[in-house]
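Protein chains in written order, with numbering that gives the first Met the number 0: chain L, 0 to 770; chain C, 0 to 323.
Hint data in this document are derived by calculation from the structure and do not stem from the laboratory. Incorrect hints may have been included.
Under the rule of at most 30 Å between Cα atoms (straight-line distance), these lysine-lysine pairs were calculated in the DSBU-like manner [what the hints assert, rightly or not]:
(1) L/463 to L/4
(2) C/60 to L/116
(3) L/116 to C/48
(4) L/764 to C/319
(5) L/59 to C/48
(6) L/295 to L/392
(7) C/60 to C/19
(8) C/316 to L/767
(9) L/291 to L/169
(10) C/48 to C/28
(11) L/767 to C/291
(12) C/319 to L/767
(13) L/135 to C/297
(14) L/419 to L/640
(15) L/219 to L/592
(16) L/169 to L/606
(17) C/48 to L/122
(18) C/248 to C/297
(19) L/426 to L/373
(20) C/60 to L/764
(21) L/306 to L/605
(22) L/295 to L/426
(23) C/79 to C/19
(24) L/764 to C/291
(25) L/640 to C/316
(26) C/319 to L/428
(27) L/764 to C/297
(28) C/316 to L/764
(29) L/448 to L/463
(30) C/316 to L/428
(31) L/4 to L/426
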Amino acid sequence: MNQIKPTKSIGIRKPLVDGPEKVSGKALYSADFIPADCLVGRIFRSPISHGEIIEVDVSKAEALPGVKAVITGDVTDETFGVLPIARFEYPLARDKVRYKGEPVACVAAIDAETAQKAIELIKFNYKELPAYFTSKDAMAKGSVNIHDHREGNIERDVDFDLGETDGGLKAADLIMEETYNCAEVAQVQSEPHAAIAEYDAIRDFMTVRASTQVPYYGHKMLAKTLKMQESKVRMIKPFVGGGFGCRTECLNVELICALAARAAQGTVRIVTSREETFITHRGRPETDVEIKIGVKKNGLITAVDFKAIQRGGAYSGYGVVTILYAGGLMFGVYNLPAVRYRGLRVLTNTPPPGAMRGHGTTDVRYAFESLLDKIANELGIDAIEIRRRNLLKAPKYETLNEMFINSYGLPECLDWVEEKSGWKERKGKLGPNRGLGVACAHYPSGASKPVNWTGEPHATVHLKLDWDGSITLLTGAPEIGQGSTTMATQCAAEILGLDMSRFQSLTSDSKLTPKDNGSYSSRVTYMVGNASIDAATNLKNILIEAAARKLEVKPEDIECLGEIYRAGTQDDGLNFNEVVQAALEGTGTITVKGNYDTLPESWGTKKYRGGAISGSMAYAYAAQVVEVSIDPDTAEITVEKVWAAQDVGKALNPLAVEGQIEGSVWMGMGQAISEGTQYVNGLGITNSMLDYRVPTIIESPPIEVGIIESIDPHGPFGAKEAGETSLVAFIPALTNAIADAIGVRPIDLPVTPDRLLQLMEDYQKTEKAAE
Amino acid sequence: MEYMPNFQLHRPETPEEAIKLLNEQPEAKLVAGGTDMIVNVRRGIEQPKNLIDLSSINQLKEITESNDGLRIGAGVTLNKVATTALIKKGYPAVAEAASSVAGGTHQQYGTLGGNLCLDTRCLFYNQSEWWRQSNDYCMKERGDVCHVAPGGKRCFAAFSGDVAPAMLVYTAEVELLSSRGIRRIPLAEMYQNDGMNHLTLAPDELVSAVHLPRTLNGTPSRYEKVRIRGSIDFPLAGAAVRLKMNCGKVEDISIALTGVNPFPQIIKGTDEYIGKALNDEGLDILRDSVRKQAKPMKTTTVAPWYRRRVIGALARKLIKELAA
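Using the sequences provided together with the hints, build the complete structure.
Put into structure tokens, the structure is as follows:
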């Protein structure tokens, strides 16, 4: 009896709880729901980049036999958008179209062939307006406003100056500056966007299944654009094939699908093509970063002065947040005594970007880490050493923008990569065309202030305990492949001391599961994990009280061993089913809930407008060393090895954490060496998996993952962010390695071989000229 | 996924049946593995009312050896070409080229004939119907303009098959089948320098086999392509080199390119090196000659100057390797 112990679930390599369905092909994704009476929805998209809509003539399309509905912008005059301050987008364009591919009409027909024929019968009459495909052109004097309410096509102008920036620069022994251009990138998640909407005309009720990271936001926007009561909408998120931020806001696809279903008084399914998924976009915006760093001779940073211009596309989406993140997240990695930032979010006639993995910080961090590396070279200070000298100071980790930092494992991350990569022994000794580079990064564990301020907790988890002793975990947290359901189950199982096999889960169905804000900004582990702990603690207390009643002792005398509850070590106690039976006596099925809310201290700074953005309960840290080799003839880059250390607070599931870090490295590698959208007159020319070059498994380097556990005092079992930070660190670590290998420092992203070869040839010319 | 239009699928079991169908339906398109053709059908680039699927014709899937050399049926899969010992040993560049086509799964379906007859490619052409319509199409298909060289009268879409250059360095011949019988022509004559119409086949002809000459069996060769990713990608530029050395001197040399012109191209002037040793200077001259004859245009997202630079470097590297 004394041998019985609570079962441990935390810190153990756990396969994902929804794995069996995925690997056996049983998992149903949005596109897999095809009821017998289902209509095919197809979207008619704008062939022009900017124009006034004169007429969308759908009469011939409507007359085609088999067509059940054709809808245009007339179907709703309600806008949608993720930020309450920037909802200017219609599901289907009204008055104006603002980018090539913007949805203009939708057909619902009995089959794909009829739907396609109907699309071809739609006549779109328009008056073209000047269109702008670069930030520069959109901001130029005399440019036409893409939105009437945004003069000069500036969506948001951010400006702050914290500390004495001019003084800091004056006091510097060395100031270096550079301008970087980072291409727009897309997520290229495996599942293209899809939605299926069932409209029940008798009950005026709408059920929508969609590939989304944010069913709650989708739910709200469905009700808004359909002008239906929120209670008349049911939003279900089936299995989702990856998100990475492309579905972190409600997309037009699910809204159009529902509007078409209501118009057709039936069920409509829209499965977009890969090209349409690229056009729906919500990737990382093209960003120009101008940055100046001042340092003392010993490498200590005195001031940072930088500017970011983001090509924001035709609609805001998360844009305001992205440009604020780009500024605010300059803080929190190093001790910066003065920082000046100017951020411009520009409206252009291109598809709207969104909140891609590493939201807001990636391109700016690339610029900073790249320039810091150059400074280290100039000063003759080791690249790891200069970073160490500028670390935040324990125990308070104060930053000028008042970040709430209570755990900071960056020093340990640096130590780990330095040791594992053999940095000291190998740096500079790898022979020609081979080099090592290092870089650091951080990322918040969820935004502390929610997008919609409702006064509700950030996260709520329900646990349902029934007569059979089974526990069902109900969460609105969208499982999108990141392992959130496994994580929430682990947290509850750990508290209750039960094996995870006692648990089942139900997720993301608005009629069954508690509301959740969604899977984005790395909020789920921190917030939903804590809510799950809270729920399990509440359930445990109920079980302890029931056991105490049954054993006729005080609750505080009950010892919970998971499967056994007992009053003393000599006592046989009650097994779990007996405790459950006792607990259900007179009350029946028990559903408990747990909540989580952030602390006001983490809500960011009030020193500048928008300072709440980048406020988080905790920040994860990463240091990476990349080893690279370059083919001198073709400039082909081979990533030979990556050492990736990340302070994740506590690795709740080391298997999943490793997967996240490896995935981050892989995704960062795409942005670093081969990915980037390109447009010809606003027409995306790389909108396929052939021309938008995501690295394949062949390019995937050996990755050694170092998990650093700083145990955050507020995180669930000490855990923090695990899925984004390492992406941010990879890009500059790679370009710094390239500089180490060949003496040429890449500036613009991606570092494609043609770009690199050009840089190498220019460098050779200047070397020759110098001789 | 892109919408798949309706068409009539024919599945002949003999070459004669296929020829008969082709005569009955002159606009019909031939399909074997479909790895390229079906993508184009989905995109509306090809709008066939009739598709003749050659994949059930076993006669086209044979590899036979004779005194003449090796005869490889056009329906042999790229995977088989890549792994057949006779080809790997006798004509290594051919096997190497087949194993570098797209990705592994494509090679299971794609065929030799399909790769040799691959349509030319261009960023402005290999796009969806909506895309091409929004861009007023192009001279290769329904439009008037070339977006690569506006004002020009030629189409520069690039031939991007991997196997053709490897076959060309072995002076391969193709067997063409029609109702008039079989004719055999050098593979080089099957192509012409026109991105819109790069194949010289008559509309009623189909490629039934390729012949590799016995005389060249066993001469060393290599094929390599430049691409951004180690899989999937078409060649930005590809080079096949066959080189036989004798006592440190060139006995026979042939170089062919892909991806840099509307047709797979044999490099001219290599005969000058026969009987000569290959020093660094000679290699540089060959490299420059390759660069001069390659004429990549902006048909991919990668800069044409880069493709020209690396095709020279690549050819030089392969020659050097084979000479060693």
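Verification of the supplied hints:
{"no.": "1", "hint": "L/463 to L/4", "result": "holds (24 Å)"}
{"no.": "2", "hint": "C/60 to L/116", "result": "violated (39 Å)"}
{"no.": "3", "hint": "L/116 to C/48", "result": "holds (16 Å)"}
{"no.": "4", "hint": "L/764 to C/319", "result": "holds (26 Å)"}
{"no.": "5", "hint": "L/59 to C/48", "result": "holds (25 Å)"}
{"no.": "6", "hint": "L/295 to L/392", "result": "holds (18 Å)"}
{"no.": "7", "hint": "C/60 to C/19", "result": "holds (19 Å)"}
{"no.": "8", "hint": "C/316 to L/767", "result": "holds (25 Å)"}
{"no.": "9", "hint": "L/291 to L/169", "result": "holds (12 Å)"}
{"no.": "10", "hint": "C/48 to C/28", "result": "holds (8 Å)"}
{"no.": "11", "hint": "L/767 to C/291", "result": "holds (25 Å)"}
{"no.": "12", "hint": "C/319 to L/767", "result": "holds (27 Å)"}
{"no.": "13", "hint": "L/135 to C/297", "result": "holds (25 Å)"}
{"no.": "14", "hint": "L/419 to L/640", "result": "holds (11 Å)"}
{"no.": "15", "hint": "L/219 to L/592", "result": "holds (23 Å)"}
{"no.": "16", "hint": "L/169 to L/606", "result": "holds (24 Å)"}
{"no.": "17", "hint": "C/48 to L/122", "result": "holds (26 Å)"}
{"no.": "18", "hint": "C/248 to C/297", "result": "violated (38 Å)"}
{"no.": "19", "hint": "L/426 to L/373", "result": "holds (16 Å)"}
{"no.": "20", "hint": "C/60 to L/764", "result": "violated (54 Å)"}
{"no.": "21", "hint": "L/306 to L/605", "result": "holds (21 Å)"}
{"no.": "22", "hint": "L/295 to L/426", "result": "holds (24 Å)"}
{"no.": "23", "hint": "C/79 to C/19", "result": "holds (28 Å)"}
{"no.": "24", "hint": "L/764 to C/291", "result": "holds (22 Å)"}
{"no.": "25", "hint": "L/640 to C/316", "result": "holds (26 Å)"}
{"no.": "26", "hint": "C/319 to L/428", "result": "holds (28 Å)"}
{"no.": "27", "hint": "L/764 to C/297", "result": "holds (26 Å)"}
{"no.": "28", "hint": "C/316 to L/764", "result": "holds (23 Å)"}
{"no.": "29", "hint": "L/448 to L/463", "result": "holds (29 Å)"}
{"no.": "30", "hint": "C/316 to L/428", "result": "holds (26 Å)"}
{"no.": "31", "hint": "L/4 to L/426", "result": "violated (49 Å)"}
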